[in-house]
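Q: The residues making up each chain are set out below.
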Amino acid sequence: MREVAVIGVSMIKFGRYPDRDVSQLAAQAGHEALTDAGVEMKTIEALYSGNLYQTSGSGQRILQQLGQTGIPVVNVANACATGSTAFREAYFAIASGAYDIVMALGSEQMGKQGLLGSRGDPATSLEGRVGSYMMPAVFGMAGMEHSKQYGTQPEHFALASVKNHYHSTQNRLAQYQKESPLDEVMNGRMIAYPNTLLMCCPTGDGAAAAILCSMDKARQYTTQPIKVAASVLTSDPWTDRDLSLPDINTLTKNAAKIAYETAGIGPEDLSQVELHDCFATAELLHYENLGLCEEGMAGKHVASGAPWIGNKIPTKYQEDVAPFQDKTYKPKTTTVVNASGGLLSKGHPLGATGVANIAEIVWHLRGQAGARQVEGSKIGMAHVIGLCSACTLNVLQK
Amino acid sequence: MAETVAAPEIRPLVPHLRIGATREEDYLFGSKCSTCGAMYAGPRLFCGKCSASGPFEEVKFGRDAEVHVFTIIHQATPYVKAPYVAAIVDLPEGVSINTNIEVDPKPENVKFGMKLKMYTEKASEDKEGNTYIAYRYRPA
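Line order of the protein sequences matches chains A and B. Counted from 1, the first sequence has number 226 at position 226 by the numbering used here; the numbering is strictly sequential. Counted from 1, the second sequence has number 1106 at position 106 by the numbering used here; the numbering is strictly sequential.
Everything labelled a hint here was simulated from the structure, so no lab data went into it. Among the hints, erroneous ones may be present.
Stated by the list, open to error - In the DSBU-like style, the derived pairs of lysine-lysine whose C-alpha atoms are separated by at most 30 Å in a straight line are:
| # | chain 1 | residue 1 | chain 2 | residue 2 |
| --- | --- | --- | --- | --- |
| 1 | B | Lys1115 | A | Lys332 |
| 2 | A | Lys332 | A | Lys148 |
| 3 | B | Lys1081 | A | Lys253 |
| 4 | A | Lys257 | A | Lys42 |
| 5 | A | Lys253 | B | Lys1049 |
| 6 | B | Lys1081 | A | Lys327 |
| 7 | A | Lys148 | B | Lys1106 |
| 8 | A | Lys257 | B | Lys1049 |
| 9 | A | Lys148 | B | Lys1127 |
| 10 | A | Lys13 | B | Lys1115 |
| 11 | A | Lys217 | A | Lys378 |
| 12 | A | Lys253 | A | Lys378 |
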């Protein structure tokens, strides 16, 4: 297997684009990634296009906008891990030696539709009659498992939301760039206990792209090739309750083990992680799943300031956070989590998310992240989970 | 020629519920893998744990369960009254299932490990007039 580099990335501002077609959004991201890499469309040998709602032919429709060069197009759908799975396919296309330079794209147009509608005949739907199968229920209950086991309080989960909304104020591409102090998060409208509205990611439209190249050819295009040190995909193994409550933990732990072994690093080596905070509860679970803190310590970890940009709680929030801090807690890592604002603020247009996370890490590794720059970032990891269930981890290295 | 209209039926809303002559005779059932012992709600063709293609032993479940975890859904799908308690409950027969719990939907009213009893009731009716029966749990 050959070494693979990312030589160009892009992300359009996430939000709502009622006047544009999803293939136009994607083509814009593709064009910006080509410009970033200094590569022309005719140089690209294959396209891996991730899109969940408009899957069939989505990649081909993007090339109708961007350039119909006749290259192979693979359309990828893998729940919320759609974009990151497209990236992984692109990675293997280069690593295997099949191609030298390819594009990975993620796009989605969700409009204002919520995720509450039931498909098919309401008369025979289980939703709300025999439990709930919607994402807010799954991630509410996943958080409650942590509370049951470790006594984690709603405020601990809410702090992930406070942090990510704070981070997003420095990200002009985020869907929302608005701070929300702890009391505002806690007093928000309840969606599915313990997650309030501000602890749930928004729906939206967006697109992101990456140009991947063999490392030996990468220096023709850039002085800052970013190495893909690991690209991992797992599905959910059989666990006791997985068929009733999707187990988002085991497959992430399995992926982390493979990613760290492949990259030859440990969690303490990660300058930063973009992880799948679709709900505030999820962020805390993944601190532990990715080994950023010890089992059961996620609440103390977020309150310690370690995963915040600068590794400390901003002065204005210190008083709010103090009651939930354990002064004796020593963070295992100083890995910054979701410097972009995370899904909670940056937004989560399903198919776009997995490529946008990679773009974010690449910008930091190049020192191009502006006011939210994680100082001296050397190694970063992008994590995505899709139900039920796919987990991707991509480790990127300067 | 007169059209034949099928008589409305009483049907289970989920495949792991079997309908009796009265609601007191309704029961949940599962399938136990004879190779590895894994228990599933409802019928099963293959074992996801050990990949065996059976045989599966049908097991009739009793009405007891206890709360594993729960959430309170405030923003529900349009035809459902909210807030309500959605939960994963553990059955003593060795399987976990999704359900609603009938209590005043406040966090302090549901405890991890709380003992529950199953009951069934009409959940919905389709355009042809068929009735669908769902199971729920309430504190024991």
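Q: Next step is simple, just say for each hint if it's right about the structure.
A: Status of the hints after comparison with the structure:
1. B:Lys1115 with A:Lys332: 39 Å, violated
2. A:Lys332 with A:Lys148: 23 Å, holds
3. B:Lys1081 with A:Lys253: 37 Å, violated
4. A:Lys257 with A:Lys42: 38 Å, violated
5. A:Lys253 with B:Lys1049: Holds - the C-alpha atoms of Lys1049 (chain B) and Lys253 (chain A) are around 19 Å apart, at most 30 Å.
6. B:Lys1081 with A:Lys327: Cα-Cα ~44 Å, so violated.
7. A:Lys148 with B:Lys1106: With a Cα-Cα distance of about 16 Å, the restraint between Lys148 (chain A) and Lys1106 (chain B) holds, given a limit of 30 Å.
8. A:Lys257 with B:Lys1049: Given pair Lys257 (chain A), Lys1049 (chain B) holds - Cα atoms ~21 Å apart, limit 30 Å.
9. A:Lys148 with B:Lys1127: Distance of about 42 Å is beyond 30 Å: violated.
10. A:Lys13 with B:Lys1115: Answer violated: Lys13 (chain A) to Lys1115 (chain B) is near 49 Å, above 30 Å.
11. A:Lys217 with A:Lys378: Given pair Lys217 (chain A), Lys378 (chain A) holds - Cα atoms ~22 Å apart, limit 30 Å.
12. A:Lys253 with A:Lys378: 23 Å, holds
Going through the hint list in order, the structure does not satisfy hints 1, 3, 4, 6, 9 and 10.
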